[in-house]
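> Generate coordinates for the entire structure from the input sequences, incorporating the hints supplied.
There are 2 protein chains.
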Amino acid sequence: MREIIECMPNFSTSDPVVVEAILNEIRRVKNAYLLDHTYDNYYNRLVVSYIGNKNSVFTAALNSATKAIELIDMNKHKGQHPRIGAVDVVPFIPIKNVTIKDCVHLAKKFGETLAKRCNIPVYLYGKAASNPERSDLDWIRLGEHEKLQEMLKKPERKPDFGPPFPHPTAGATITGARKVMVGFNVNLGTPDIRIAKRIAKALHSKKGGLVFVKAMATKIPEKNITQIGTSISDFEKTPLYRVFELIKIEAERYGVPVIGSEFCGLAPLRAITDATGYYLKIDAFDEDRILEVAVQKAVEKGRGESG
Amino acid sequence: MREIIECMPNFSTSDPVVVEAILNEIRRVKNAYLLDHTYDNYYNRLVVSYIGNKNSVFTAALNSATKAIELIDMNKHKGQHPRIGAVDVVPFIPIKNVTIKDCVHLAKKFGETLAKRCNIPVYLYGKAASNPERSDLDWIRLGEHEKLQEMLKKPERKPDFGPPFPHPTAGATITGARKVMVGFNVNLGTPDIRIAKRIAKALHSKKGGLVFVKAMATKIPEKNITQIGTSISDFEKTPLYRVFELIKIEAERYGVPVIGSEFCGLAPLRAITDATGYYLKIDAFDEDRILEVAVQKAVEKGRGESG
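Sequence lines, in order, name chains X and L.
In terms of my numbering, the first sequence opens at residue 208 and continues consecutively.
In terms of my numbering, the second sequence opens at residue 208 and continues consecutively.
A portion of the hints provided could be inaccurate.
Below, a list of computed lysine to aspartate or glutamate pairs in the EDC-like style, where the Cα atoms sit at most 20 Å apart [stated by the list, open to error]:
#, chain 1, residue 1, chain 2, residue 2
1, L, Lys303, X, Asp495
2, X, Lys237, L, Glu507
3, L, Lys508, X, Glu351
4, L, Lys508, X, Glu507
5, L, Lys261, X, Glu507
Treat the hints as calculated values from the structure; they're not laboratory data.
Small disclaimer: the values here were computed from a predicted structure and weren't measured.
Below you can see the structure in the form of structure tokens.
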């Protein structure tokens with residue numbers, strides 16, 4: 208593939224039948240490739256990752272969103288993650304031979320087309336935002352789906368596309384463009400959500416924490432534990448290990464152990480090499496020092512020379 | 208490239224002019240690609256990594272070895288790493304669409320050809336060894352270059368190819384086939400080589416340490432520190448973090464800090480994901496969870512479908 212864009216939509220469902228219907232809309236698009244999907248009933252949220260070129264990613268985004276709007280009823284939705292609609296957020300991410308501007312353009316085209324097709328309000332966020340306030344997902348999600356009707360009436364909350372009232376079952380949608388992010392969840396050995404909330408607060412950029420980090424506390428009832436869900440918007444400047452070690456330090460105050468972690472979505476290689484470099488005390492450990500990366504580059508060079 | 212073999216020869220030099228002459232012999236071979244090379248004067252040793260198909264790797268191995276034999280005089284060589292010759296060891300490693308048997312075949316062909324061409328004794332080691340004792344580099348290197356003449360006279364030390372006496376300036380050569388290994392050096396905040404030796408001993412498989420680990424102590428005079436050089440022959444069973452943490456634990460007894468680490472050669476991705484998984488407490492962290500790996504697999508799948 209000459210150009211590669213990643214799309215990482217979040218849908219408000221954890222119903223396996225609905226999940227499959229959404230994934231199938233992506234699978235059946237030529238030149239679109241599913242990389243990953245995760246969902247669970249405590250977030251009640253499906254996070255999908257797929258790649259393609261501009262055309263295939265656009266078609267897959269539109270078809271999967273239309274299917275989700277058809278199948279998900281937000282009036283019945285409960286979940287611990289903030290959300291305003293069935294197709295809560297659809298970010299486009301540049302991966303190869305594509306600029307962030309291309310992704311902004313794609314997000315606007317997607318937002319406009321979806322709003323028309325499904326008569327749903329659509330907000331632009333991130334690099335596609337129409338003003339600085341709107342670049343922040345939290346600001347757009349204020350009041351969540353429950354207060355959406357009321358919020359949409361405020362002039363400053365006018366959607367970028369579509370009607371100024373919620374879709375009857377699917378609420379509203381947010382789309383935009385952003386760089387690759389890290390989603391990282393850390394499990395705490397306590398069922399006490401108040402402790403988890405204090406730790407999340409200590410991490411969150413808006414509450415005195417690390418500058419590129421958002422953090423939230425979640426209960427995982429079936430394991431009788433809690434979880435700090437983090438997203439790191441610039442993992443090169445605020446590396447993963449710093450987030451992890453700070454959670455450990457904050458948890459120690461309460462005598463709470465960190466019992467495990469997981470990536471939410473895929474992990475960028477740079478986040479992994481930075482973590483390895485930190486813990487093994489390797490100075491400036493670079494991706495090019497990885498055998499598979501060096502082999503891949505040599506193979507591509509060879510292909511270029513022979514072609 | 209359909210088939211990929213890595214060759215990782217070790218030459219007994221740190222003279223930049225000789226290093227360049229050797230590297231050029233590899234660079235000028237079609238379909239052979241240099242991945243990496245490192246050398247320093249305390250080991251007085253050049254470690255090169257390159258890939259290619261069977262033919263190009265064979266040609267590059269032969270030409271670079273011939274050049275090194277021409278330029279390096281072992282009678283003047285001093286270095287902290289055990290060695291028996293100018294072209295000390297030439298391992299062939301299967302990477303893609305190649306078996307270890309193919310690499311054994313290649314090593315034998317290389318050894319036989321080099322022995323004839325340069326009239327130098329050649330030993331086979333690793334998976335190419337003619338008996339179990341010879342699979343071990345340490346056993347073959349016993350007495351090093353200094354006692355090579357005497358050792359070559361013993362019936363059990365008869366070379367696999369070439370004459371039973373050393374090459375006058377280049378000593379002897381070892382070649383063979385092995386799996387991908389990890390070379391990992393850990394710097395200690397002490398100039399005391401006796402402490403470093405005790406720590407290396409504690410790690411070494413033959414002295415009560417970790418089963419797939421060899422470890423040696425080295426002085427780094429220009430930094431006034433010492434180093435534990437390790438090689439891990441099966442890094443999936445004895446992961447990197449276990450080696451690193453054990454060095455830290457052994458160093459603590461002497462109040463010696465671990466001040467840094469480096470890979471000797473390239474690091475396999477699996478070693479990096481295992482380390483990240485351990486330190487960040489991620490259960491069964493898999494390479495497929497890395498964005499770049501998932502994208503590459505999707506691209507290859509796409510290429511397969513369109514071709």
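> Run every hint past the structure and note whether it holds.
Structure-based check of all given hints:
| no. | hint | result |
| --- | --- | --- |
| 1 | L/Lys303 to X/Asp495 | holds, 19 Å |
| 2 | X/Lys237 to L/Glu507 | holds, 15 Å |
| 3 | L/Lys508 to X/Glu351 | violated, 39 Å |
| 4 | L/Lys508 to X/Glu507 | holds, 16 Å |
| 5 | L/Lys261 to X/Glu507 | holds, 18 Å |
Comparing the model with each earlier hint shows a violation of hint 3 alone; every other hint is respected.
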